[in-house]
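Numbering of the sequence shown is given in the UniProt record's numbering, commencing with residue 1 and proceeding in unit increments.
Bear in mind the hints are in silico, worked out from the structure with no lab data behind them. Incorrect hints may have been included.
Computed beta-carbon distance windows for the label pairs [as the list claims (entries may be wrong)]:
{"no.": "1", "residue 1": "D281", "residue 2": "E511", "range": "38 to 46 Å"}
{"no.": "2", "residue 1": "P953", "residue 2": "G472", "range": "44 to 52 Å"}
{"no.": "3", "residue 1": "G1012", "residue 2": "S614", "range": "57 to 65 Å"}
{"no.": "4", "residue 1": "D1115", "residue 2": "E960", "range": "43 to 51 Å"}
{"no.": "5", "residue 1": "A1142", "residue 2": "D1115", "range": "29 to 37 Å"}
{"no.": "6", "residue 1": "I331", "residue 2": "D514", "range": "38 to 46 Å"}
{"no.": "7", "residue 1": "K610", "residue 2": "G472", "range": "37 to 45 Å"}
{"no.": "8", "residue 1": "E511", "residue 2": "Q1237", "range": "52 to 60 Å"}
{"no.": "9", "residue 1": "D712", "residue 2": "E1039", "range": "44 to 52 Å"}
{"no.": "10", "residue 1": "E918", "residue 2": "N384", "range": "54 to 62 Å"}
{"no.": "11", "residue 1": "T471", "residue 2": "G1113", "range": "37 to 45 Å"}
{"no.": "12", "residue 1": "E1008", "residue 2": "D514", "range": "45 to 53 Å"}
{"no.": "13", "residue 1": "K610", "residue 2": "S977", "range": "44 to 52 Å"}
The calculated lysine-lysine pairs, modelled on DSS-like cross-linking and capped at a C-alpha distance of 25 Å, are [claimed, not checked]:
{"no.": "14", "residue 1": "K1256", "residue 2": "K1068"}
{"no.": "15", "residue 1": "K1230", "residue 2": "K1256"}
{"no.": "16", "residue 1": "K1092", "residue 2": "K1223"}
{"no.": "17", "residue 1": "K579", "residue 2": "K569"}
{"no.": "18", "residue 1": "K569", "residue 2": "K523"}
{"no.": "19", "residue 1": "K1230", "residue 2": "K1092"}
{"no.": "20", "residue 1": "K582", "residue 2": "K523"}
{"no.": "21", "residue 1": "K1253", "residue 2": "K1226"}
Bear in mind the structure is a predicted one, so any value in this text is a computation, not a measurement. Every residue, glycine too, gets a C-beta built ideally from N, C-alpha and C.
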Amino acid sequence: MSRPLNEGMSSDSKGATPSNLPTKSGPGFEASTVLPDTNASKSISEGGPSGDPQSHNSSVGTDSSESGQEARAPKSPTPEIMLRDLGDKFNQLASLMNLSPATAKEEFHAAALPSYQGSDLMKGRSKVALPAATKEWTSELVDEVEQAFKTMDVLQDTARKASSPTSSPPSSAPSSSAAGGRTSNQPDFLGRIGSLFQAFVPQSSQSQSSTSPSSNSLLPPQKMMDMSHKSIVTNPVVLQLALHQLGSHMQQLPPNEPLYLYCQSICGLLLLHLYELTFKDEHLYGGVGATSMALSAVDMANPGSMIVNIPTFLRNWAYGQRLLAQEDGDISKLDAAVALLTTTWNIYKDIESISQHAKGLWRSELGACLLDRYSATGAIPDLNDAIEHLQTLSEQGHMVPRLGLTYYERFLHLGNLDDLDRALHYSRTQFIGGDPLARSKFSEPTDYDEIMARHLYGLVLAQRFNMTLDTGDLDRAVESCRNALTALSPSHPMRSHWQADLAWILFTRYEARDEPKDLQSAKEMAQTAIQIFDSGPGRKLGRHTRMPHPAIYGYLLCVDGEKTGDIAKIEEGTRHLLKSRKNFSGPPFLESRIEYYISEAYLAQFKLIKERSSKLEILSSIIHHAMLAFSKASENSPQRYSIGLHLGDMQIVQYEHTKVQEHLHDAIAHLCTVALSSTWPSIRLEAAVKWADATDLLGGDGTIGALEVALDILPSLAWAGNHMPVQFRMLQTQQSRIASRAVVHALDAGDAAKAVRYLEQGRNIIWAQSLQLRSNQLTTEDRRDQEQKFLARYLSQQQHASRTPAMTSSKFSQNLAEKLKILEERGAPPEFQNLLRSLEAMHSQVQQKMVELAGSEKVESDAAAIDQLKSDFTESYRDASLHNAARRWQELQKSVEEVDGMLSADLHLSTNDTDLIEILQRGSIVILNVHGARCDAIVISASGASVDFGHLPLKGVSGEEAQSWAETIRQGLYDISQGDMAFSDFEEAILIPILQCLWSGVAHPVLEFLKGRKAPKRIWWYPTGSFAFLPIHAASPCEGDEPGVMELAVSSYIPSIHSLLRAHRSPKSSFHILAVGQPHTPGFGALAFVQKELNAINNSMKQNADKLTRIVGNDATTYVVMKSLPEHTAFHYAGHASQNEAYPFHSAFHLHDGPFQLSKLMNLDLSRMQFAYLSACLTSTGDFTLPDECIHLAAGMQFAGVRSLIATTWSVEDRAASMMTAKVYKELLKDGLDKVQAEDTAEALHQAILSMKESKVPLTFLVPFIHLGV
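Use the sequences and the hints to build the structure in full.
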C-alpha cells in the first residue's frame, strides 16, 4: 500500500546500508522463502505501492449468468452499441461544422489545452482543424469508454473470484520455528502461487507482463499489471499466504543459490508491504533485514546471470531504507538509497534484458526516495528530480499516486500555478472512478491511495482558494478531507495528521467568512489530532516531516484569544508554540512556519496589552521570531516573501513606537525585496504599498518609486488566466487606492501630466486587459499571428465562464428539450435540429434502460453524482486550460513590437497629441481625485496647439465628506426602494444639501478656473473614488434662479481618457436606430409609459421610418437583441435594468426571456454604433467597492464600441423617463436624421434637462440622467 512520501514512520531500529549489511546468518531475517521468476510471480514480487504506484477503481460489471439470460431475451442495445451510436452523432456534428466556411477553417491550438494534456491530445501538433479534431478526439473518447466497460467486467469477475477463495490462508506469516521440516509431498510452489494469483487476479491478466500488448487483451498491459499488484499488496491475507508459501519453498533451496537470494529479497518486500498495512515493527525490521542481506550478497561488479534481478534487489532494499527513514528521521538512509539507486539506474537503464516493468518499479522507488528526502530537507532539486521520474512513469501508462503530491509540494515551495493545476488534476484523477459514485454504489473505499488522493484534493483546493478567493473551493476542500477521514481506518497512523490538515482548512475558511463556528471546529479538530497522535499506533509517523499538531492548536488558541480579548488564552497558545519549536526536529522550512506562528502569537498579545514597556518587549519578540522565520524559509518561496512582508510591517510598527529610523530602513529593505520579487502578485502589491508607507514616514523621498512599482504590479491581479469573477475579487482586496495616492505625490512634485498618467495606468484594470484581448481579435491578419488571435478570442469567451451546476437526469432531458426549442426559434439548420433530436432520443433510451435495471430513484441520484463529478472535473480542466492559454498569449504579446496607441493600457499623454487637442477644442476634461482627506482637480484643456494640465486644489471639500455624501445618497435611494422614504423627502433632506456642498466645494471653483482660461462650455467629468457616485453635473447653489452646473455647462462623464480617445477615433456613420421596449417583463412590475416612450421615438422618426427597427414585448429576447445590436448604429432601450452588487458583470437589461447581462454585452462588437440611450434604472451606477473600475452597463457599451451614451445613475421614474426621451429625440433630430452626429447627443440631453427643469419636474427625476462619451 502506498502512502504520501512525507508521511514518515518511526522506529528505534537502525536500517542497514550496503556498507554494513548483516550477514546471511544474522538476525535480520530467518524464515526465508523463494519465488520463481515467472510472469505470475513477478506480478507479486515487482508490485506494490512503494514500487509502481497503482490503484484500481471499483465498478459494476455484468455477471456472466446475467449475460446468458440476456442473450435468450429479446435483443436490446448493449452499452457498447449505444456508445458507438453516440460517437456517430458526434461525428455528424463535426461534419455539420464543415457546412459553415468559418467553422470549417477554425483551428484549435495546443496552448488552449491544459499543459498536462496538450501534448497528448495534439500529438506534437501546435494546432489542428477543429472539425477534424472533433472526429479524432470523439473516436478516442469512445475507445476509452469502451475500454472502461471491459475494465468493469474484469473487476466484477475479479471481485467474484476473490469472494470465494479455494483455501483458507494462515492467520499470520510463519516464523523459522514454525516452518518445521520439509515434506516431499508438499504441493508444487508454482501451483500454490498460481492458484493464489488466480483467486485475486483475472486469468487474462497473467499474460500481460509482456511489454507487447495482445491485440485482444481486455486492458492495456501496464494497467492490468497495476491492478494485479494492487489486488495483492493491499490485502494482508494474501500477503501472509504468499509469505507462508515463500517460506515453505525456501526451505528446499540451498542458501548459496541465486534463487534463494532473490526470494529472500522478495520476502523482505512482502513484509514491508505488510508493514504498511499493519504498522507492526516486526514486519518493518524483518523486511529491512531480508532485503539488506539479499543485496549484500550480490556481487554488483560481476552479477552474472543475476543482472536481471538487480533492479528488484535495489528497489526492495531502498524501499526498506525509506520506511526506516520515515520512522526515525535519519536522512542518511535516504541519502544512501538515492545515491545507490541513481548510480545503478544510470548504469542499468539501457540494458534490454531487464524488463521495462522492473525498470518502472526501480524508477518509482527512486522518485519516492527523492520526494521523502525533499520532505525532510526542503531541497528543491530533489523534488524536481522526483517529478521528472514520476512524470515519466505516468506518461508510460503507470498510475502514480505520488505525482499529485509532488506537484502540490512544489507549488507550496515555488508558487507556480501550473504545478497547482497539475496537482489538482492528478489528485482528482486518482479517485475519479470512485467519487462520488463510490459512496452511492459501494461501501467506502479502503484503498489507501484513493483515500489519500481525496485528502490531497482537499489540500489543493484549499491552496487554490488563495489564487481565486472563491470560498466555494474551501467548502469542497472541507468536504473532500472529511470524506477521506471517514474512509480512513480509525487506527491509521496518518489520521492525526489529516485531522490537523482539516483543522487548518477550517481556520482558512474562518478567516475568509468570519464564521466563529469554523474557528471552534478547527480548534476541536486540532485538539483531537494531538490526542490521537500521542496515543495512537505508529505515533512517530510524520514527526520529522509534518507541522507539529500542538503548534497548530497553539496558533488557533492565539487567534481565538485575540478575537475574544482573552490574553490568558493567547499566552497558553504561545506556550504550545514555544514547546513545539523546542521539540521539533524537522526541516527548516517547517520550522520557519512555527517561528512565524510564534511571531503572530506575540503580535496578538501586543494588540491587547496597554503598558508601554511590555509592548516594546513583546514587539522585540515579534520581530525576533519573524526574522528567524524569514531566514529559515525556503528561498524564493511564497512563504518566505509572505514572512518578509510581515517582518517589514512589524518594523514599521517598531519605528512608530521607538522613532528609531534604522527600523524604517530595515523595513524598506525587506519590503522592497518582496515587492521586486517574482512571487504572487497579491503579496508583491501589498509589500509595495507598505514600502510606500515606510518612505512616507521618512519624509516621502522614494514614495513615488514604490507607488510606481505597485502600479506596475496592479494589472497582474486581473491576469487573463483568471476568470473575470476571480479578477474582480482580487481587485476588491486592494483598498489602498494606489493610483489616487500616486496622483497626490505627482501633484506635489508639480507634474500634473504624470498624475494623469498614473490614473490612466491604475484605474479600469479589468477593462484595459479586456481591450487588449479585443485588439488582438480586431486587428488584421498581417498585424497579428493567428494563434494570438485565437487565444485572445478564447480568453475573452472564457472570462465569465462559471461553475456549471449539477443537474438530475430529468433536468438534463428538460434542458435538452428547451435548447431544441430555442434552436427551432432561431432558425438553426435542419440537420443540426435533427441531430439534437437524435441525441434526445438516445438519452431517453439510455435513461429507460437504467431505470429498468436500477429503479428511477437510483438513476436520478447517480445521474446527479455523475454530473457533480463532471462539473468539478470540467471546472479544474477549464481553469488549467485558461492558465496555459493566458501564459502563451502573454508570450506572444511581448513579441509584438507595436501595439495601437488607442488600445494600449499604458497611454502616455502627449502635450501635442492631435486627437486629444481636437477633443479639447470642444471642451475640457476635469479629473476629480480623492485620496484620504485630500481632494484635487486636474483640468486638461487646449492651449493653442498643445495640451495644458492645470492643478486646482479643492480645499472646500475633504475626502471623508465626499465619502459620506456618496453613502448618504446610496442609503436614501435604498430607503426609497423599500418604501421608507418619499421622493420629495429624499430631495429636501438629502439631494439638495449635497448638491449645494458639491457646488461650493467642487463645481464652482472648477468653473471659475475654466472661466479664467476662457474654456468652452463642454466639460468631461472624470471622477475617481467616491466622486464617481456623486452628481457633479447637477451641483448647484439651489437658491432661487442662481445657475448651477446644469445651466452653465454641458456635462459628460468618462471612465478614462482612453475611452474618450477611442470614441473620438471610431468611425462615424449615420443613425439606424434599434428601439427595444419591455412594458411587461416577467418577474418585474409593469412600465406603463414604455409604449409612450417608443411612440415618441416613432414620431421623431416619421421622415425616416426605414431607419428605425422596433422590438417590443415578447419579441425582445436575449438572442434577438444580441443578434440585432451589431447590425444597427444606434440603440434605445426602455425597460427594466439592474446593477448586480454581488458581481457587477451580472448587471443586466431584463428582456422577455431573461437577463441580458453585461458579461455577454461586452463580448459584442459594437464598433459601428454611434449612440445608445439606456432609459432604465441603474445603467451607470457602478460598483461601490470598486469605484475606479467603472463596472456598469453603460461602461460595457462603451467598451463594446459605442461612441456616445445617455444612461442613469440611479432608479428613474417611468413617466419622467418617457418625457426625457421625447425631449432628447426632439432636440437631437430637429435638423433631420442625416445631420445627427454622436457629438450632438450631450447637447440634446442638456437641453432636455433644462426644459424639464423649467417645467418644474423634481430634481430627483432629472439628476439620474447623464451623458457619457464624445
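- Provide an ascending list of the numbers of those earlier hints which the structure does not satisfy. 14
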